[in-house]
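Could you put together the complete structure from these sequences and hints?
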Amino acid sequence: MDRFRWMSALAYANLRSAASTPWRFIALAGFMAANNFIWFVLWWLFFGVAGDIRGWTLSDVATLYGIVAVAFGLYTTFFGGARIVAQLAVDGGLDVYLGRPRSPLLGILFSRCDPTGAGDILSGAALIAWATPDPATFALALMLAALGTSVIVSTYVAINCLVFWCAGRASFCDQLFECFLILSSMPHLGLPVPAKVLVYTVLPAAFVGYVPVELLRSFSYGELGAMAGAALVFPLLASGLFRVGLRRYSSGNRMLEMR
Amino acid sequence: MSCVRLGLRETWSERPAIAGSILTYALLLGVWASLWKLVPDAALARLSLRYEQLVWYFALTELVPFSVGHCYRQIESEIQAGGATPYLVRPIGYTALCGMLELGHTAAKLAFIGPAGCALAFLLTGTVPLGAAQVPPLAVLLVGGASIYLGVQIMIGLSTAWFGTARPLFFIVQKLVFVLGGLIVPLSAYPGVLERVAWLTPFPATLYAPASLALEPGFAHVGGMLVLQAFWLALVLAALAGVAGAFERRLMANGEA
Numbered sequence: 001m002d003r004f005r006w007m008s009a010l011a012y013a014n015l016r017s018a019a020s021t022p023w024r025f026i027a028l029a030g031f032m033a034a035n036n037f038i039w040f041v042l043w044w045l046f047f048g049v050a051g052d053i054r055g056w057t058l059s060d061v062a063t064l065y066g067i068v069a070v071a072f073g074l075y076t077t078f079f080g081g082a083r084i085v086a087q088l089a090v091d092g093g094l095d096v097y098l099g100r101p102r103s104p105l106l107g108i109l110f111s112r113c114d115p116t117g118a119g120d121i122l123s124g125a126a127l128i129a130w131a132t133p134d135p136a137t138f139a140l141a142l143m144l145a146a147l148g149t150s151v152i153v154s155t156y157v158a159i160n161c162l163v164f165w166c167a168g169r170a171s172f173c174d175q176l177f178e179c180f181l182i183l184s185s186m187p188h189l190g191l192p193v194p195a196k197v198l199v200y201t202v203l204p205a206a207f208v209g210y211v212p213v214e215l216l217r218s219f220s221y222g223e224l225g226a227m228a229g230a231a232l233v234f235p236l237l238a239s240g241l242f243r244v245g246l247r248r249y250s251s252g253n254r255m256l257e258m259r
Numbered sequence: 001m002s003c004v005r006l007g008l009r010e011t012w013s014e015r016p017a018i019a020g021s022i023l024t025y026a027l028l029l030g031v032w033a034s035l036w037k038l039v040p041d042a043a044l045a046r047l048s049l050r051y052e053q054l055v056w057y058f059a060l061t062e063l064v065p066f067s068v069g070h071c072y073r074q075i076e077s078e079i080q081a082g083g084a085t086p087y088l089v090r091p092i093g094y095t096a097l098c099g100m101l102e103l104g105h106t107a108a109k110l111a112f113i114g115p116a117g118c119a120l121a122f123l124l125t126g127t128v129p130l131g132a133a134q135v136p137p138l139a140v141l142l143v144g145g146a147s148i149y150l151g152v153q154i155m156i157g158l159s160t161a162w163f164g165t166a167r168p169l170f171f172i173v174q175k176l177v178f179v180l181g182g183l184i185v186p187l188s189a190y191p192g193v194l195e196r197v198a199w200l201t202p203f204p205a206t207l208y209a210p211a212s213l214a215l216e217p218g219f220a221h222v223g224g225m226l227v228l229q230a231f232w233l234a235l236v237l238a239a240l241a242g243v244a245g246a247f248e249r250r251l252m253a254n255g256e257a
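So the sequences go chain by chain: A and B.
My numbering applies: residue 1 is where the first sequence begins, and numbers increase by one.
My numbering applies: residue 1 is where the second sequence begins, and numbers increase by one.
Certain hints may be false.
To be verified - Taking beta-carbon pairs under 10 Å as the criterion, some of the chain B residues facing chain A (in silico):
(1) V31
(2) R46
(3) Q174
Just so you know, these hints were derived from the structure itself, not from any lab.
Since the model is a prediction, treat every value here as computed from it, not as a measurement.
We put the beta carbon where it would ideally sit given N, CA and C, even for glycine.
The following block contains the structure:
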C-alpha cells in the first residue's frame, strides 16, 4: 500500500471509529458549532462599539474566524494525533509507532479523530459563507483554510517536540499551543513590530487566519505564494525537529504493545 | 484547609505551566490593547469610556478565567477512570475535596498572574485606575468571581456522570460566561436586551463585578458588586450541593460513567 492510500485508510478508519456512536458524534459537533457562534457574539459586540478598524469590519473577522475554525476542525478530525506527541514522548508511547514500518510521525498524526472537529468545520464554513460575497471567494477561503491546517498541525508538532529537550513540560506545550491558537483567531492590527515578527516566524499564527483574510480582501500572487510556502516549509521544519528530537528519545519498553 | 494548601503547593510545583499561562495572558492582553488603541476616541466617548479603562477592564476580567483554568477536566477524567468511587467512604466527600483543592490552585494562580497582569496593564496604559483603598475590595471581588466560576466548573465536571463527557457543556458555558459576563466589552456598553439578559445570570458576578472597578471605583458601586457576588455565590453553592448530592446518589446506584 503506498503512503497516500495508507494515510487515507487511517483517516477513514478514525472517522468510522469516531462516528460509531452517531448521536454522540452529532451532539459533540453541534456543541462545538454552538460554541463558535456564541464566541462570535463577542466580536459582534466589539465591532458594535468600534465601528470598523483600519478597514476591517465584522464580516472580515467572520471570515477570519471561519477560516481558523475550518482549519482547526480539519486538524482535529484528521490529524488529531498532533496533540499527543509530547505525551507519547514523555510516557514512552512512541515505542508503539517506532516499531512500525511506516513513518512514526504520520502514524501518530493519523491516530486520533475528534468528532468536535466536524462542528468546527461546519460552523466555520457557515461563517465564511455569511461573510464572503460569492462562491469563488468562498471556495478560495476553504482552500486557504486547508493550507492553514498544515501550519496548525506542524506548529503543534514542533511545539510538542520541545519535550525532547525539556522533559515533563507537556503542560507548557499545551499552553504555548493555546497562545498560538488565540493569536491565529485575532486580526493582527496595530501589533508592535516584535509581535508581528513572532506571528510570522516562531509562532506562525498569521498564516492561519490573518494572511488568508488579507488575501481575500485584496488578492496578490505574492501573498498566495507566501501562504503556500508556509504550508510547505513549516511541516518540513516540524518533521525535521521531530526526527532530531527522536535521537534524544530512549524508552524501549513498549515496543511490543499493540494498538 | 490542608486541601487548599495542597492545591497551592501543586500549582507552585507546575511553574512552567504558570509561566505559560502568564505568557498567554500577556499576549491576549497585548493584542486586545492594540485593537482598543485603534478604536477612535469619539466612538469610546459615546459610551463614556476611555482606552486606559478598557485595557484595565480586560486585564481584570481575564484574570478570573486564567486563574480558574480548565479545572473541570480533572474531575471529568477522574470520573471517566472510575476514580471518584473511593471517596464515597471517606469523611470528606469527593465534591468538597475537589472544591478545596481547586480553590488552592485558583488562589495560587491568581497570586501569580494577578500582579503580572496589573504590571502589564500599567505598562500599556501608564495609569492605575484604582486607589489603594480599592485594592482590598478588588481582591475580594476577584476571589469571589473566581469562586463562582469554580463552582460552575465543578458542576460541569460532575455532569460527566450523566453525559460521559463534560467538554461540550464546558465550552458552551465558558463562552456564555465570556459573553454574558462582559469579558471584552463592559456590560454597560451592551445593547439593551442583551444587557438585561446578562444581569439575570450569575456571569456578571464572575467577570464584570471585579473588572468594573476599573470603570467605576466609587464605594457605592463596590458595595453593590459585593452584594451581587454574595447573592450568586450563595446560589451557586446551593446548586453545587444539590448536584453533588445527585452525583453521589447516582454513583451509589449506577457506578461511574
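Structure-based check of all given hints:
Checking V31 (chain B) against chain A: minimum C-beta separation of about 5 Å stays under 10 Å; hint holds. This hint holds: R46 (chain B) has a C-beta 9 Å from the nearest C-beta of chain A, less than the 10 Å allowed. Interface restraint check: Q174 (chain B) against chain A, minimum CB-CB distance 8 Å, threshold 10 Å, status holds.
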